[in-house]
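Make a model of the complete structure from these sequences and hints.
Chains as they are written, first to last, in UniProt numbering: chain A, 1 to 188; chain B, 1 to 188.
Bear in mind the hints are in silico, worked out from the structure with no lab data behind them. Don't take each hint at face value.
[Stated by the list, open to error] Here are some chain B residues the structure puts well away from chain A; computed CB gaps all over 12 Å:
#  : residue
1  : GLN29
2  : GLY46
3  : GLU97
4  : ARG108
5  : LEU131
6  : ARG133
7  : ALA152
8  : ARG158
9  : THR163
10 : SER167
11 : GLU170
12 : LEU174
[Stated by the list, open to error] Computed, partial: chain B to chain A, Cβ under 10 Å:
#  : residue
13 : TYR53
14 : LEU123
15 : ALA164
None of the values given here were measured: they were computed from a predicted structure. Just so it is clear, CB atoms sit at the ideal spot from N, CA and C, and this is done for glycine as well.
Protein chains: 2
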Amino acid sequence: MAIKEGLRPGGRSARVQESVHTAVRELLQEQERASITVPQIATRAGVTPSTIYRRWGDLAALLADVALARLRPDSEPADTGSLRGDLQAWAEQYLDEMSSEPGRNMMRDVQCSQTPGYCVTILGGQLQAILDRYADSAGPLPSVEHLINLLAAPTVFRVLFSTAPLSVEELHQLIELALAPSLPNPSS
Amino acid sequence: MAIKEGLRPGGRSARVQESVHTAVRELLQEQERASITVPQIATRAGVTPSTIYRRWGDLAALLADVALARLRPDSEPADTGSLRGDLQAWAEQYLDEMSSEPGRNMMRDVQCSQTPGYCVTILGGQLQAILDRYADSAGPLPSVEHLINLLAAPTVFRVLFSTAPLSVEELHQLIELALAPSLPNPSS
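Here's what the structure looks like:
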């Protein structure tokens, strides 16, 4: 396997990404976040600065990509056998991650990047993977957007702007709300 | 009235706040946000830097306070005669404010401040004022925390991390969800 790696389609691109990410992670351990520059990263990674600008756009986007890669789960969301269970497992892990120091740094970096929407794309992909498991179930499923509004948004908002993160009890109540059948029209 | 102003309790404190806020607003119009310093603000406002540090803690907290003061409504939330109507009016105005450039800057400043929880305190006060109007109504009212999770959180999350802000239709659906009676326990 190892000797064929260089022939794999996308192999060079993947190696550039890996060496640039590694360079950023190393520099973040050695010096202040605010003092890191693109030329410095390029030298460490053995690429030209223009490679970095072409691929990531700017430093903030690169930092955000590295932060996202660190938090992006390598595996599928846990499969517990029920939609409620899968959502609980996913939402509890997300709450843990976002309440951590790397999670807060990631949210800061992502906001400064040129593509903050990428964050929702990743979240949406994970939630869609869960929903796809239950596509054949009887009742209608909640939409990905609905789950983002009801689960991801309060989790992040409370970490960023409140004195206390969401409790697991609140999270479970929000999951019930997200799974509830749609409401009738307002009766005023 | 005017000649008694100096005698009012808190009069000096209010004047310091006003002149410091004015200095910040003027400097923000004249130069880059990142180049503003506390000594500069102090000189413009006619106070010492230590007055500013004592009162606000740091520059980020002061910028956040100025941003919050600009967005903090001077008046009570609109009174439309129904809880649903009041929440709709409040939530639509909040969505407008947070989607604006000053709203985004405020959220950035607040996250950098030492008291990000202050933001939720202001929101909570406005929502509590609305709920207080309907304290005598028949059914149970939603809690302030529930309204923040269901209305403020998705509004802010979508502005910061998604490619499109919440639509007014989504906002109205979330209000219905917030007003719905509590759900029974999970039937699994």
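Status of the hints after comparison with the structure:
Every beta carbon of chain A lies more than 12 Å from that of B:GLN29, the smallest distance being close to 23 Å; the non-interface claim holds. No Cβ of chain A comes within 12 Å of the Cβ of B:GLY46; the nearest lies about 32 Å off, and the non-interface call holds. Listed as a non-interface residue, B:GLU97 keeps its Cβ farther than 12 Å from every Cβ of chain A; the least gap is roughly 14 Å. A beta-carbon of chain A is positioned within 12 Å of the beta-carbon of B:ARG108; the least distance is around 7 Å.
Once the 12 Å rule is applied to beta carbons, B:LEU131 is consistent with being away from chain A; the minimum gap is 18 Å. No Cβ of chain A comes within 12 Å of the Cβ of B:ARG133; the nearest lies about 16 Å off, and the non-interface call holds. Remark: the non-interface label on B:ALA152 conflicts with the geometry, its nearest Cβ contact in chain A lying 7 Å away (cut-off 12 Å). The beta carbon of B:ARG158 is not kept farther than 12 Å from every beta carbon of chain A, the shortest such distance being approximately 7 Å.
Non-interface status of B:THR163 relative to chain A is broken: a Cβ of that chain comes within 12 Å, the nearest being about 4 Å off. The claim that B:SER167 is not at the interface with chain A is violated, since a C-beta of that chain comes within 12 Å of its own (minimum 10 Å). At roughly 7 Å, the least C-beta separation between B:GLU170 and chain A is not larger than 12 Å, which violates its mark as non-interface. With a minimum CB-CB distance of about 7 Å to chain A, B:LEU174 fails to clear the 12 Å threshold, and the non-interface call is violated.
Annotation: B:TYR53 was flagged as interfacial toward chain A, and the flag is violated, the nearest CB pair being 21 Å apart, outside 10 Å. For B:LEU123, the shortest C-beta to C-beta distance to chain A is roughly 9 Å, which falls under 10 Å, so the interface hint holds. For B:ALA164, the shortest C-beta to C-beta distance to chain A is roughly 8 Å, which falls under 10 Å, so the interface hint holds.
Hint compliance for this structure: hints 4, 7, 8, 9, 10, 11, 12 and 13 are not met, and every other hint is.
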